[in-house]
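Enquirer: Here's the letter readout for the chains.
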Amino acid sequence: MTMPGILTLVTFLPAAGAALILLARMAAPGDNPALDRGVRMMTLIVTIATFALNLLALGRFDWGSADFQLVERIPWALGVDYHLGVDGLGMALMLLTTFLMPLCIIASASIEKQVASYMTLFLILETLMLGVFCALDLALFYIFFEGGLIPMFILIGVWGGQRRIYAAFKFFLYTLLGSILMLVAIIVMAITAGTTSIPDLMKYEFGEQMQIWLWLAFFASFAVKMPMWPVHTWLPDAHVEAPTAGSVVLAAILLKMGGYGFLRFSLPMFPDASAYFTPMMFALSVIAIIYTSLVAFRQTDIKKLIAYSSVAHMGFVTLGIFTGTEQGVQGAIFQMISHGVISGALFLCVGVVYDRMHTREIAFYGGLVHRMPVYAAIFMLFTLGNVGLPGLSGFPGEILSIAGAFQANIWVAVGATIGVILAPVYGLTLYRKVAFGKLENPKLKDITDLDPREWVIFIPLVVATIALGLAPVLALDFTAAYADKLVETYRAAVQASGIGAGG
Amino acid sequence: MIETIIVLAPLLGAAIAGLLQRFIGDRGAMTVTVALMALTCALSLYTFATFTWGHAPERVIELFRFIDVAGFSSTWSVRIDALSATMLVVVTVVSFLVHVYSIGYMADDPHRARFFSYLSFFTFAMLALVTSNDFLQLFFGWEGVGVASYLLIGFWYQNKAPNDAAIKAFVVNRVGDFGFALGIVACFLCYGSIKFDEVFAAAAAHPNLMLLQGDLQVRAVEAIAVLLFIGAMGKSAQFFLHTWLPDAMEGPTPVSALIHAATMVTAGVFMVCRASELYELAPYAAGFVTIIGATTAFFAATVGLAQNDIKRVIAYSTCSQLGYMFFAAGVGAYNVAMFHLFTHAFFKALLFLGAGSVIHGMHHEQDMRAMGGLRKYMPITWAMMTIGTLALIGFGIPGIFGFAGFYSKDAAIEAAYGASQSGRFGGEWAFQAGIIAALLTSFYSWRLAFMTFEGKLGDQKAAMATSKDHSEDHAPEESHDAHDDHGHGDHDHGHGRTPHESPQIMLFPLYVLAAGAIFAGFLFAPYFIGAHAEDFWRGAVHLPHGAGHGEGGHHYPDWVIWAPLVVTAIGFVFAVFFYLWNRGLGARIAAYGGPLHAFLYHKWFFDEIYNFIFVKGARALGDLFWKGGDQKVIDGLGPDGVSSATRFFSRQMRRVQTGLVYHYSFLMLIAAAAFGAYAIWAGGARP
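Line order of the protein sequences matches chains A and B. For the first sequence, the numbering used here gives the first residue as 8, with consecutive numbering after it. For the second sequence, the numbering used here gives the first residue as 33, with consecutive numbering after it.
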């Protein structure tokens with residue numbers, strides 16, 4: 008028996024923490040404030056340790072290589088292997104996950120109901136999310152991918168707001184529908200290719216007709232996760248009802264699984280089908296950008312507004328990916344990371360005032376800057392990031408996606424760029440209604456500015472937003488080798504089959 | 033090193049004033065920002081001097097990489113050439129003076145630290161813009177000054193009007209940036225780079241490269257030039273995208289002087305000049321620039337005739353002067369455009385700061401009809417404003433001496449005439465518009481001067497009362513209230529109190545700017561547009577043929593050279609007749625109304641039309657998509673269609689909540705543990 012690999016450690020450390028909590032819970036049943044405190048502290052330590060381990064893994068990672076690294080492979084059952092490994096894409100998203108989780112745990116201080124179960128679920132969720140980004144076996148990937156649904160479903164359904172049942176059900180229904188089709192596709196692939204190894208499948212050439220069907224099945228799942236228009240309506244409801252940390256995880260990480268899926272499966276495994284469906288993807292992306300931006304403009308609930316803006320931002324991701332260009336793919340990956348940071352931060356901003364006032368109605372607020380200047384400044388920064396201001400992390404992803412789109416189809420680029428006009432319309436309007444103006448609501452008279460705990464949450468996010476904004480090369484260099492290889496092989500495959508769609 | 037300090041010192045000042053204001057206080061924040069601005073300003077003047085007279089070489093200092101994806105690459109840089117050195121002087125001198133002025137103007141404001149932080153941040157972004165070496169850093173500065181402008185317009189954030197104006201400014205600018213962003217990515221597609229030198233070289237090497245998309249076929253360089261210019265139209269408030277600039281006057285007056293007169297709004301002109309090599313290859317795009325510029329020069333001047341808010345008159349005047357700069361650039365006289373930008377910065381900042389002094393002295397009254405006779409109360413401000421007015425109308429005797437605007441504006445008009453003779457696209461209209469606008473400029477400038485400083489205090493108030501009825505939508509009334517809560521409490525805000533002259537700290541910047549308004553044209557004409565032009569620019573902008581050989585290099589007919597002076601005199605006579613000899617006649621005509629006055633007073637109804645189409649349109653579409661698309665169609669056919677199942681699930685959920693959660697989590701944990709245990713048991717990592 009040798010030491011397990013570092014990816015196994017990173018992935019399963021949170022689950023181990025969850026097991027400890029369950030044991031403690033069994034040892035001391037009933038309501039126990041001391042236990043709750045201990046659980047909170049331990050969860051925080053576990054998530055920080057996971058982040059540290061992930062950084063350690065980063066140290067062993069070779070940026071220049073496009074291959075899967077830190078690979079672990081153990082034969083399992085039924086031809087399925089326990090097979091982990093990462094490339095630049097997987098590593099980047101794992102880092103995003105482990106970076107955000109401690110902040111989510113700190114932000115969960117306002118959770119008072121069943122703390123131990125809440126923390127257990129979060130830790131399990133982290134393991135499942137990390138597994139998605141480093142699983143190199145299709146079956147393993149599927150387990151992680153769909154497993155993540157369940158803790159999220161429970162988190163919304165139990166710790167959510169008033170309409171949590173409806174929201175949780177809607178979330179579950181949508182995602183499950185997509186995943187069933189994906190499961191069928193996975194089985195078909197395993198039988199056809201005789202393997203479930205992702206690296207092997209990337210080399211396997213499926214027939215053109217088969218690619219179309221498989222692509223559609225995967226699309227059903229990823230489009231819902233993304234979410235793309237028109238299967239996006241679960242997201243606003245889920246966000247509104249989820250507890251703050253749940254919204255953060257949902258927006259920052261779970262949404263990235265769709266983009267990850269397109270990049271990991273659709274493009275490399277079904278290049279011909281991807282090229283074939285590119286016009287459709289462009290159309291859906293542009294619709295998502297314009298349509299949801301306009302819908303966001305009309306929202307009366309802060310969280311719903313941010314949720315709709317997430318859909319618009321994810322439109323740039325799908326757009327970038329399917330341009331099949333370095334700029335587009337790199338832009339899409341960057342947009343995913345940046346959106347993880349910024350939308351996570353925005354939901355945390357909502358959490359700050361929600362914890363104090365217990366409402367997310369925009370009309371309730373106004374003039375917060377008078378009582379909460381620091382909060383207002385931070386909220387402004389992330390609003391501008393969301394608006395895509397150059398110098399903050401929201402910008403590079405958008406401009407690169409547009410640069411990619413312009414190479415593929417000028418009108419698509421023009422359509423997507425309209426989103427650049429609409430973003431400040433809803434973003435700055437929201438900010439103005441919440442933070443500026445006179446402080447007229449008497450209930451806000453005694454609202455307090457950020458406390459030290461909240462400072463701790465926001466400082467890393469502020470630093471990340473500015474650092475990635477001023478030097479996006481930090482992240483772009485990291486995924487460059489991966490993106491170059493993906494684009495190269497994708498183009499070669501499309502050229503070979505002669506489907507020039509979208510160009 | 034010096035160049036890097038120039039750009040970064042204001043950023044440092046902004047950061048210290050913004051982040052440490054609790055520790056260093058207002059006084060500390062002001063000291064730090066003003067001191068660092070003084071440093072930046074001194075170094076800029078030094079750099080300009082070494083460049084102009086010391087013949088220092090063109091240079092690019094690269095700091096670190098910004099974006100770099102397969103050729104789409106940008107590096108944070110400081111580029112120094114004649115063009116950026118000129119802009120450095122304009123930006124830092126005006127910014128320094130505005131900083132100093134603000135010490136007096138904002139003396140009673142409780143948020144001075146924030147104000148100075150924003151001012152310095154703006155300066156940094158503007159410097160990053162003018163020293164950029166590629167389109168992406170240019171875009172960074174471009175949007176950076178946009179956000180600074182947004183923050184400063186909405187500085188008095190508790191009031192509705194500044195908030196509305198701030199968002200309007202940002203969004204309208206984004207409409208321009210829509211074009212600008214597409215222009216950048218088009219550059220990359222066509223020329224494989226976004227660095228200035230590489231783009232210009234590639235464009236010159238492949239002038240007939242086509243941009244193809246379906247049925248669309250255009251010359252790439254034309255398309256790129258037009259797209260970039262759309263960005264400039266937003267930033268520089270040109271016709272169609274000008275609507276934000278007058279509203280931006282809701283911001284504090286020093287902001288109007290710095291951002292909305294001297295620097296930010298000229299960024300579009302700077303950009304066109306920076307990309308002069310592209311516009312020279314794109315005759316239709318250049319013609320488009322000419323026509324939009326000329327139209328703006330004319331349009332804004334007409335609107336300026338009918339406004340009563342002192343700042344709005346100057347704002348429309350700025351808009352109009354920017355039009356001059358653009359048509360000069362459009363007809364290929366980039367050096368003339370830059371020269372007008374240079375002189376305009378002095379006299380327009382002077383006029384705005386003078387107006388600020390008037391507003392300060394009038395206890396925050398901005399309506400000129402409430403003024404009158406102020407010469408008696410504030411003689412220094414009057415003298416300075418008069419100098420600014422003479423510079424703006426371009427007073428001067430050809431061949432002898434003139435105020436700053438004389439050299440640059442007449443050069444623009446002459447360049448337009450030259451273009452009309454050589455058949456350049458749009459040249460004819462530019463010449464006509466330039467002459468008409470010069471007449472109108474003279475009229476509204478003297479109107480402003482006479483309404484404010486001549487006659488007796490309040491002798492035009494009668495007109496105010498009658499015409500106020502049909503001007504309820506006019507924002508200044510609101511902004512006037514706006515200042516009440518703004519720390520001017522000690523001012524009693526009394527309309528009954530007599531106006532007073534401003535303190536020296538506010539007058540000092542006026543002296544400096546007045547000196548510029550008098551001499552900047554005379555002193556620098558030889559370098560910008562005269563005998564030394566070739567030597568001065570050294571290729572930083574494309575020069576018209578023959579520049580550098582004698583006075584402007586062209587010989588225009590006498591009537592062209594004298595025409596501006598003649599129309600200026602006519603405008604002056606009309607203003608004297610309506611606002612000096614028959615005081616109140618102009619106001620009575622305005623009160624009487626008439627469709628032409630209404631048309632001008634309502635700014636050609638642009639706001640009304642845009643509001644109806646875009647603002648209401650966006651709201652309606654948003655509601656349609658949300659309530660119709662999302663709720664009725666998508667949800668109605670999708671999840672809600674199976675709502676009976678929801679009820680079933682909700683029953684299940686209640687059970688989950690009461691304890692089943694443990695079963696779930698335990699089950700999942702076992703599964704998760706199984707993976708981990710298996711991995712460890714079976715032997716760990718195997719590559």
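No lab work stands behind these hints: they were computed from the structure. We put the CB at the ideal spot given by N, CA and C, even for glycine. Treat the hints with care, since some could be wrong.
Claimed, not checked - In silico negatives: residues of chain A with every beta carbon more than 10 Å from chain B:
1) 374
2) 439
3) 445
What the hints assert, rightly or not - Here are the simulated lysine-lysine pairs, DSS-like style, with alpha carbons at most 30 Å apart:
4) 210/A x 492/A
5) 192/B x 493/B
6) 659/B x 452/A
7) 659/B x 648/B
8) 445/A x 488/B
9) 440/A x 648/B
10) 664/B x 445/A
11) 440/A x 659/B
12) 664/B x 440/A
13) 192/B x 450/A
14) 493/B x 440/A
Said to hold, decoys possible - A few chain A residues that face chain B, going by a derived Cβ cut-off under 8 Å, partial list only:
15) 211
16) 431
17) 455
18) 456
Enquirer: Sort out whether residue 452/A lies within 30 Å of residue 659/B, counting only the CA atoms.
Expert: 34 Å, violated
Enquirer: Checking hints one by one. Is residue 455/A an interface residue toward chain B, by the C-beta closer than 8 Å rule?
Expert: At 16 Å from the nearest chain B Cβ, residue 455/A fails the 8 Å test, so the hint is violated.
Enquirer: Does the structure keep residue 493/B and residue 440/A at a Cα separation of 30 Å or less?
Expert: 37 Å, violated
Enquirer: Run the distance test for residue 440/A versus residue 648/B: straight-line Cα separation, threshold 30 Å.
Expert: 18 Å, holds
Enquirer: Are the Cα positions of residue 664/B and residue 440/A separated by 30 Å at most?
Expert: Holds. Residue 664/B to residue 440/A sits at ~28 Å (cutoff 30 Å).
Enquirer: Grab the minimum beta-carbon distance between residue 439/A and chain B and tell me whether it stays above 10 Å.
Expert: 5 Å, violated
Enquirer: Quickly compare the C-alpha distance for residue 192/B and residue 450/A to 30 Å and report which way the hint goes.
Expert: With a Cα-Cα distance of about 21 Å, the restraint between residue 192/B and residue 450/A holds, given a limit of 30 Å.
Enquirer: Going straight from one Cα to the other, do residue 664/B and residue 445/A come out at no more than 30 Å?
Expert: Outside the cut-off at roughly 36 Å; violated.
Enquirer: Holds or violated: is the Cβ of residue 374/A farther than 10 Å from all Cβ atoms of chain B?
Expert: 7 Å, violated
Enquirer: With a cut-off of 8 Å, does the beta carbon of residue 456/A approach a beta carbon of chain B closely enough for the hint to hold?
Expert: With a minimum Cβ separation of about 12 Å from chain B (threshold 8 Å), the hint on residue 456/A is violated.
Enquirer: Take a quick look at whether residue 440/A and residue 659/B sit within 30 Å of each other, Cα to Cα.
Expert: 22 Å, holds
Enquirer: Hold the hint about residue 211/A up to the distance rule: shortest CB distance to chain B must be less than 8 Å.
Expert: 22 Å, violated
In the structure shown, a violation is registered for the earlier hints numbered 1, 2, 3, 6, 8, 10, 14, 15, 17, 18, in ascending order.
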